Amino acid sequence: MRDQIPAATAAVAPLPDRLRVPLSDHAGSPALPCVATGAKVLAGETIGRAVGALSAHVHAPTSGEVVLIGRGAAGSGLGSEYVEIAADHFDRPHPEIADRGEAPPESEWEALLESGGILLRDRSRAPLAALLPRFRALPEKTLVVSLLERDVIGRNVESILAVSAEPVARAAAALRRLVGFPRAFVCHLGRFGTETAERLAGHGFLPVLLPDAYPGGLSPILARVATGRDLLGRNLPFESDILVVCAETLLALADRLFRRMPVIESRVSVAGFGVARPQVVRARVGTPLSVLVDHCGGFVGSVGKIVVNGLFTGEAITDLSRPVTKTTRSLAVLPRAASRRARPTPCIGCGRCLDACPARLEPLFLEQVIDARDEELADRLRVRACILCGMCSYVCPAHRPLAEKIATARAARGRAGGIA
Amino acid sequence: MSVPHEIPLLVTPSPHLHSGMSSDRIFLETCVAMTPILLVATGFFGLAFLKSLAGVLAGTFAAAALARRVDPARFPLYDPPGLVTALVLALTLPAGTRLIVAALGGFLAVTAGRNLFGGTGRNLFNPAMFGYACLLLAFPFDATGGAAPVSPFAAGWFDPSPRATGATPLAGAARGLLDLAFGLKTGSPGEVSSFMVLLGGAYLLARRAAAWQATAGMILGALCASTLFAFPSLHPADLLSPLFKGGLLFCAFFVATDPVTMPVRPRMRLLAGFLAGALTIVLRQHTSLPEGAAFAILAVNCLTPFLDSPVHGVGR
Numbered sequence: 025m026r027d028q029i030p031a032a033t034a035a036v037a038p039l040p041d042r043l044r045v046p047l048s049d050h051a052g053s054p055a056l057p058c059v060a061t062g063a064k065v066l067a068g069e070t071i072g073r074a075v076g077a078l079s080a081h082v083h084a085p086t087s088g089e090v091v092l093i094g095r096g097a098a099g100s101g102l103g104s105e106y107v108e109i110a111a112d113h114f115d116r117p118h119p120e121i122a123d124r125g126e127a128p129p130e131s132e133w134e135a136l137l138e139s140g141g142i143l144l145r146d147r148s149r150a151p152l153a154a155l156l157p158r159f160r161a162l163p164e165k166t167l168v169v170s171l172l173e174r175d176v177i178g179r180n181v182e183s184i185l186a187v188s189a190e191p192v193a194r195a196a197a198a199l200r201r202l203v204g205f206p207r208a209f210v211c212h213l214g215r216f217g218t219e220t221a222e223r224l225a226g227h228g229f230l231p232v233l234l235p236d237a238y239p240g241g242l243s244p245i246l247a248r249v250a251t252g253r254d255l256l257g258r259n260l261p262f263e264s265d266i267l268v269v270c271a272e273t274l275l276a277l278a279d280r281l282f283r284r285m286p287v288i289e290s291r292v293s294v295a296g297f298g299v300a301r302p303q304v305v306r307a308r309v310g311t312p313l314s315v316l317v318d319h320c321g322g323f324v325g326s327v328g329k330i331v332v333n334g335l336f337t338g339e340a341i342t343d344l345s346r347p348v349t350k351t352t353r354s355l356a357v358l359p360r361a362a363s364r365r366a367r368p369t370p371c372i373g374c375g376r377c378l379d380a381c382p383a384r385l386e387p388l389f390l391e392q393v394i395d396a397r398d399e400e401l402a403d404r405l406r407v408r409a410c411i412l413c414g415m416c417s418y419v420c421p422a423h424r425p426l427a428e429k430i431a432t433a434r435a436a437r438g439r440a441g442g443i444a
Numbered sequence: 435m436s437v438p439h440e441i442p443l444l445v446t447p448s449p450h451l452h453s454g455m456s457s458d459r460i461f462l463e464t465c466v467a468m469t470p471i472l473l474v475a476t477g478f479f480g481l482a483f484l485k486s487l488a489g490v491l492a493g494t495f496a497a498a499a500l501a502r503r504v505d506p507a508r509f510p511l512y513d514p515p516g517l518v519t520a521l522v523l524a525l526t527l528p529a530g531t532r533l534i535v536a537a538l539g540g541f542l543a544v545t546a547g548r549n550l551f552g553g554t555g556r557n558l559f560n561p562a563m564f565g566y567a568c569l570l571l572a573f574p575f576d577a578t579g580g581a582a583p584v585s586p587f588a589a590g591w592f593d594p595s596p597r598a599t600g601a602t603p604l605a606g607a608a609r610g611l612l613d614l615a616f617g618l619k620t621g622s623p624g625e626v627s628s629f630m631v632l633l634g635g636a637y638l639l640a641r642r643a644a645a646w647q648a649t650a651g652m653i654l655g656a657l658c659a660s661t662l663f664a665f666p667s668l669h670p671a672d673l674l675s676p677l678f679k680g681g682l683l684f685c686a687f688f689v690a691t692d693p694v695t696m697p698v699r700p701r702m703r704l705l706a707g708f709l710a711g712a713l714t715i716v717l718r719q720h721t722s723l724p725e726g727a728a729f730a731i732l733a734v735n736c737l738t739p740f741l742d743s744p745v746h747g748v749g750r
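The listed protein sequences correspond, in order, to chains E and R.
Count the first sequence with this note's numbering and you get residues 25 to 444, in order.
Count the second sequence with this note's numbering and you get residues 435 to 750, in order.
Extracted from the complex, chain R is given alone in its bound form (with noise of 0.2 Å):
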């Protein structure tokens, strides 16, 4: 026999192929769906959105680098999932946010939202709504400020700081459903441009880096409890429009899309979606806080562990 005697062999349990997915491509795969919102946000909040990036970013980095001196084998340096979490934060918090403010949300974000549960795949709560909700508590100037865009490269646009502060696009001046969807608003650097999400999205759930039913069931949710709330009225664009204000949209597709927090069966993904899109809505209506859909979304994480029981499996 002309080899192998020489070479060791290796034996593991079949399968012996693999499909090649990885959990970080899954996550780099939501990076590069952000893409088209992130240059938007930089188009049009230009200098002041870098800086809440960077913030945010170096924040993340050094909630990594600490992470890696407690227990390396756990936490790599190489890290989608906290990158993930980076740039949702940094379209999440408004443009202009204080360096040092944003570094914080994203340590915080990392380390206590994710790290001290014990990695990703263990944590309860969507790290990056985790960090933005603890802003929001601690820093809620800072927090809230939407800065209003401007024209990409204008006189504003190497201006780093908080721009004159926009009415929240909530207080619902009226302005024209497509306009709404298509056109820019004020904001978190996230919820700019509807169509950019939409485009990002929509690439995810194509690439199948996502799955559909919690983005389907958080505007259905939505779009019921909108119906609700503007009953009797039945104008399309009463219902219609909370789907485009504030950050909904962007949560729908890049929040509830995080596989570690929603739960795994589509029906109970669908269910969770629903709840949240319902409760985003809600806290709107109800509540004084600036924007519903983060809440809304650490609320619903909170149910996560019982919707994924494997209990629920029996009888399948």
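Next comes chain E alone, as it looks inside the complex (with noise of 0.2 Å):
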């Protein structure tokens, strides 16, 4: 499906009239609302501050009017608060993001990095400032760059180095100067991704040329492709000393630091073989994902299913009123040939989920230990070491939902054993 995507270039979505921008869109706790109903704001304001440990900044993604300080209702996207501005369709930058002819100092490196919202787009959601204390406090760490497509849908990462290469180098290089990274690896699939990686190859990162398969492009499977070290089921920012950042992270970073610019801004690829035109858009955070699909030219066909963030481990939503949040990177519409789920029948024990978890789990076992409920020998078997990527699930022959229950019993095991 990737290849629907014509070119790697991002189209620019419009403006609609109403953003609706959640303040928790990151790990830690919701941001704190800093603006009130009816203030004016501009673009790259400040309008969330982040709260506690793992919080994040927000900042409006245009100018215009808060309107509405709201609660988002459960499956809205929305999290539990969220800012609504009415647009002004002027998009006039806030003066502290305003061109000044010249990159900010490497002094204001590290304060413009506190405030600017940025996140790993990995399933942690992590604000990569909160992140930097912890990875400058141990003795041994190691970056690794990743310049893959985390979807297999999507072009993001494609379309942002096909463009912006030389600053995406240039933030990973600064960032690991930042916190001091011994070691240093770049993942890329050759087919696109080299000018960068011999660029940081340049600045002593280990390039590291990867297959283009999924799950190759989550962030566990880098971490252990790149430095040989198995972590699985770890939440690894928070629990190990290898730091995998992605493109996205990374021309955010170089957003900040050389042009000031805070996170408004997601790439979405818009694909599926129920939309007209798929593509690669850059939408302000907080536009409606209609709005996307009305710039892809709508739908065709009929419509089975919507799927935020990937195929393998995406959402299915009904409401397209959602906005495009931080970490929203794919917007998936498929037919209703393609939505349906075929009926599970008996395992018959071909074997094709041990060949395809990529944590090598036993799915069809942990699936028997799961039904039994007990949950000792599910824990022995390693439950948590699911990177809950679904491969067991699509080369099930049987459509064994063996991804959903891990899943639900890794959730469950994790809670009992104290991680998140």
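No lab work stands behind these hints, which were simulated from the structure alone.
Incorrect hints may have been included.
What the simulated footprint calls covered on chain E by chain R, stretch by stretch (three residues with Cβ under 8 Å from a Cβ of chain R suffice, anywhere in the stretch; the number is not a length) [claimed, not checked]:
(1) 326 to 332
(2) 337 to 351
(3) 366 to 372
(4) 404 to 410
Just so you know, these numbers come straight off a predicted model, no measurement behind them.
Every residue, glycine too, gets a C-beta built ideally from N, C-alpha and C.
Both chains are sitting in their own frames, so use the hints and assemble them into the complex.
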């Protein structure tokens, strides 16, 4: 489906009239709104302040008036609280981020990073600024830069590297210097990103060439491939000494460090056979997903399912008024015929799930153990090492719901064992 | 917004993609892989083979129809695993087996060998081997009369009765190894041409419809055991000929590869295959059974629940 997206370029989505910006798109506590209803805001202005260790700043995606500070309903994609802005369509930048003709000096970087609202794009959704003190304190640490697409349908990274290879490489080198990583790797596919990888090799990063195969782009796999250490099941940025950052995060870092621009935009690959013109779209945070679909020519045929953030790990949604968030990366529109799941039949013991599992688990036996509610044995079978990639369900010829059962058991065991 | 409030959208847990592989397709691939053997069997046994095939198919169909009456949701009439069972059984039974005996074999294989356990995926024994074992015990003369192959479309082709019972090839009349591998042998239709078995087996493994470990294990096990028995002779003909005799090769490719009744873990598959291969040779040497492979497979099937215990995954 990736080939549907014709070129590695990104279109810019139109600004909607209303933008709803969630204040809790990151791992920690929701940001505290620091604007009141009726306030005029400028693009890039701070509208939510980080509260607590793993929180992140939130910025106004465009200029306009704050019309509502509301509470999001469950499943609305808005989190606990959100700020609704009526855009004035002038898109005036805040003086802090206005182009002053020169890049900020390195002495300002620390402060810029602290308030930049930059998140890791993997499952952890950890704010980058909150991780730096932790990593600085570690004696041994490794930086892994990923130039791989996380999504089987997306071309986000390709579209970034087509025009921003240089800033991405500079941002990676800057991050390494800021934290003082003694070892650093850059993982790339060879199909694209070679230039960036070569630049980074010049900065002492070790290049790792990887095949373009899911789930190779997921952080735990990259950490394992690059360092040779098996940390599957750990919540990487919080529980290990390996920091995996992707090209999207690095671009956000480059925007902040070299142009003072905070995170107010996401790249979203709109794809799938149910949409007229699949493409990569740059959209301001808070833009309703329906605007993206309209920008891509609307729906074609009978739409059966709409999936946000990847066909393997993403969430099926029904409400297109959901906003683009900092961590939105893809929107897949599936035709009705491809949406239904087949009825599960008994396992025939073909062993495909064993071959497919990147964590070397045994999904079919885990399913038996989970069905028998033998939690102790599930633990001993390392249910927590599951990286939730979904490969077991993908390959299962009997359509067993392996991934969802294991994910549920993993979450339950994680809580019992004190790991979120 | 142009669309979808009037469209009911589906919400399911991830993943939202599927490889498109289905259990039925795996079993159909196995049927396709057996085509060359079926053609050779038809060519050389003529109506005698077609008669036993028809009997087995009728029996399995009757079993499927009966199961459907009991539980239509669990036992659909479209039953590719049942077709695999029927074909394997027809190729294992001697050509010209009485229609009623063949039908009974097919019925027992699917009903007692599979459906009574709960259907495909829940059966302990390979259904075809189960049916064959039943017939061997109940109708020893029907199940052992090895008909001799004739040239295609020769005079005897249209004769549906069991032909002059050929000496079982296990008796080991001095035949060259190449002749044994590529030529025709007496025995049941599935054993006649080792070459076609290898051809079909290669297709099966190349299409990844079956794992190679059980097959490799079975061949390796048979080789080891036959080396042990042939010792001190280390002549290649002595060591390799047991492979091409009887139903060992056919079982290695089309029975030991049954995913349901063999272990799942690759190492356990190798082990189970090895045991089955070695046991085949032991049964041939030391029992009065006409062929050891079927019983060796059934014996190893008993081990599968143990080898497949989730506990073995601890510390993986």
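Against the structure, the hints:
Residues of the stretch 326 to 332 of chain E with a Cβ under 8 Å from some Cβ of chain R number 6, which satisfies the need for three, so the listed coverage holds. Given a C-beta distance limit of less than 8 Å, the hint that chain R covers the stretch 337 to 351 of chain E holds, as 8 residues qualify and 3 suffice. Given as covered by chain R, the stretch 366 to 372 of chain E passes the check, having 5 residues with a CB less than 8 Å from a CB of that chain where 3 are the minimum. Under a criterion of three residues with beta carbons nearer than 8 Å to beta carbons of chain R, the stated coverage of the stretch 404 to 410 of chain E is upheld, 3 such residues being counted.
Checked against the numbered hints given earlier, the structure satisfies every one of them.
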